[in-house]
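Chain by chain, the residues run as shown.
2 protein chains.
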Amino acid sequence: MHQLVKVQNFAVSGDGFGAGEGQSRERPFGHADPGSMFAWAGATASWPNRTDPGGSRGLDDYFTRDFAHNIGAEIMGRNKFGPQRGPWQDHDWRGWWGGEPPFHTPVFVLTHHPRPSFTLSDTTFHFVDGDPATVLAQAREAAQGRDVRLGGGATTIREFLDADLVDTMHVAVVPAVQLGAGVRLWVSPDELLDRFHLEVVPSPSGVIHHLFWRR
Amino acid sequence: MHQLVKVQNFAVSGDGFGAGEGQSRERPFGHADPGSMFAWAGATASWPNRTDPGGSRGLDDYFTRDFAHNIGAEIMGRNKFGPQRGPWQDHDWRGWWGGEPPFHTPVFVLTHHPRPSFTLSDTTFHFVDGDPATVLAQAREAAQGRDVRLGGGATTIREFLDADLVDTMHVAVVPAVQLGAGVRLWVSPDELLDRFHLEVVPSPSGVIHHLFWRR
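Chains A and B supply the protein sequences, listed in that same order. With the first letter of the first sequence counted as 1, position 208 gets the number 208 in the numbering used here; the numbers rise by one all the way through. In the numbering used here, each residue carries its 1-based index in the second sequence increased by 1000.
Because the hints were derived from the structure by calculation, they are not lab data. For each residue, glycine too, the CB sits at the ideal point set by N, CA and C. Don't take each hint at face value.
[To be verified] Only some residues are given here: those of chain B computed to face chain A with a beta carbon under 7 Å: (1) Leu-1059; (2) Pro-1204; (3) Leu-1211; (4) Arg-1215.
Hey, can you work out the whole structure from these sequences and the hints?
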């Protein structure tokens, strides 16, 4: 069975940005407010960070609970892992997620500055330098027959799209958020129609789910 | 964690019937054509009976691939299991699904006429006589902490709704199919709004997904 490469639950602003400008320790999404970008997911029963009971079990919950379905590894860009640039100064930085990251699989972090792998709970982070196809081969092997999630950010997704390595992509467009500048995924989703089917599904929560799969 | 009772991927005609009249060995859905009722699911990549490669990976595929998510047991009515009525004449009948049923868990078949349990591949069928709450207690124990799928048909779902034992329900309404008579789930989904939230999500395939969860 073919191992898919999947983008899942990736939120972009109405004007096409996955994150704002000015990332820092305090602001992982720069001037974008992650609470606004992911409110649709945070309101669902299956949101992994939920601390209170309840939550919706409508359409958006299907997307949040599908996040781990048959996923065996994740690939992410360095800026999803942390705000540092250049050679690692601080090996104490172990990601934004605390001691229980939501991945539960091997994670391959793209960086030109390798550092030793480490494990937090059931997530192991590997730091790899290579072109998308090479890193994907590593992630596929680690996924042991399951699919590979391409976790973002937008720059990383664009690199894999440019290399034609993406099989399916779920992007939640948040029309209420307009960023004006930042890390852009697209000017318009129509850019991808030459290679992908697209279904556009408005959710009662206000986000518009965009579902792409290869032609 | 609470074990949910879930109706999943249950298709009804535009006029509210889960099956037609005149069930027989040759026609499990009576005068309804199952190909028309389940065309939306059959077109997806995750449809378990798919024999050719391909299939859509849009909205409908989320529903088909969610079918087994965290499910530990199924409860079904006798008419979902087979066309026989009254005492079992034919113990050779082992359901419509051949040697590899799509359940992969214990299945509890509601019947006033018990017969011995049997196993096909990784699905074991049990035949139980009892009110919905009693049978649900058995299914919950067998599900070992996971959720319980309420598989239908419409009469069985109505019994569990009447007993207020259903937590979530996904019904795919197929407007193109009008049956006029048969086994009715509802006159209108609005009948359930006193107890359930409802999201109505039209799919590009033409079916209208109805997602209910408890208030």
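Contradicted hints - numbers only: Going through the list in order, the structure violates hint 4 alone and respects the others.
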